[in-house]
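Just need the whole structure built from these sequences, with the hints factored in.
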Amino acid sequence: MLRHILRRKAISPLALWKSFESTTSKPVLPEGSTLHRINTHFTPLVESQPEFNKNDLEASLFARGLMKLYSENILDAIEMKNLKLDFVKKDIEYWEDQRLDVHAKFQEAERAGDKERLEELREAAKTIKREKNRHREIYRFVAFNEKEELLQVPNRLRDVLRSLPDESWFSTDISVENLPGVIKFFDIVKSTVHAHPADQYF
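Taken in order, the sequence shown gives residues -15 to 186; the numbers are from this note's numbering.
Treat the hints with caution; some may be incorrect.
Computed list of lysine-lysine pairs in PhoX-like fashion (alpha-carbon distance at most 25 angstroms, straight line) [unchecked claim]:
#, residue 1, residue 2
1, Lys89, Lys74
2, Lys65, Lys52
3, Lys74, Lys116
4, Lys73, Lys110
5, Lys65, Lys116
6, Lys65, Lys38
7, Lys113, Lys89
8, Lys99, Lys110
9, Lys113, Lys99
10, Lys99, Lys52
Bear in mind the hints are in silico, worked out from the structure with no lab data behind them.
Spelled out as structure tokens, the structure:
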């Protein structure tokens, strides 16, 4: 059947394969990057620091020995932007509540046939929509600037607790040969261990 079609259309199998390969091998990429803004309507989706915590970031920079490479105010600036985002988000939620309230009142006035009231509510709805859009634009602008600054700071190190195996592993009646790689308790009990403060973050 395939050969019959190829003969009728005078298409070689190689040409057909190349055509198929060209349509399937090209990756389908989004027009925008998650790290770089390409237009005013683009909103980054990357969460460089899902839960902003200034103390964790400071500890991470200290553990890496990078505190001197960054301005002392960079984390303060990010923290202020984070607080501003919280306030703007609450304003957006407020205007959304106002929109729903006006919508409910508009339906009531429409059922009652009150044309004067409907006109008032239309004007109120326009004002609410304008304010909500303005705050959403502020939120996008501040959020983008915050992401840009956060991407300049290394991700905070994972907090992994170190622990030795259960003490039953170190009983004197078990030889080291039976448990390769295990340090016996009586070998370290009289030792002094000097741990770097940054070790707790690795």
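Verification of the supplied hints:
1. For the given pair, Lys89 sits about 23 angstroms from Lys74 by alpha-carbon distance, which is consistent with the 25 angstroms threshold.
2. This hinted pair checks out: Lys65 and Lys52 have alpha carbons roughly 22 angstroms apart, not beyond 25 angstroms.
3. The straight-line distance between the Cα atoms of Lys74 and Lys116 is roughly 11 angstroms, inside the 25 angstroms bound, and the hint therefore holds.
4. For the hint pairing Lys73 with Lys110, the CA-to-CA distance comes to about 20 angstroms; that is within 25 angstroms, so the pair holds.
5. A hinted pair counts as satisfied when its Cα atoms are at most 25 angstroms apart, and Lys65 with Lys116 qualifies at roughly 19 angstroms.
6. For the hint linking Lys65 to Lys38, the alpha-carbon distance of about 12 angstroms falls within 25 angstroms, and the restraint holds.
7. A C-alpha spacing of about 16 angstroms is found between Lys113 and Lys89, which places the hinted pair at or below 25 angstroms, so the restraint holds.
8. At most 25 angstroms may separate the alpha-carbon atoms for a hinted pair to count; Lys99 and Lys110 meet this at roughly 17 angstroms.
9. Taking the CA atoms of Lys113 and Lys99, the gap is near 21 angstroms; set against the 25 angstroms cutoff, the hint holds.
10. Proposed proximity of Lys99 and Lys52 is contradicted: the alpha carbons are some 67 angstroms apart, above 25 angstroms.
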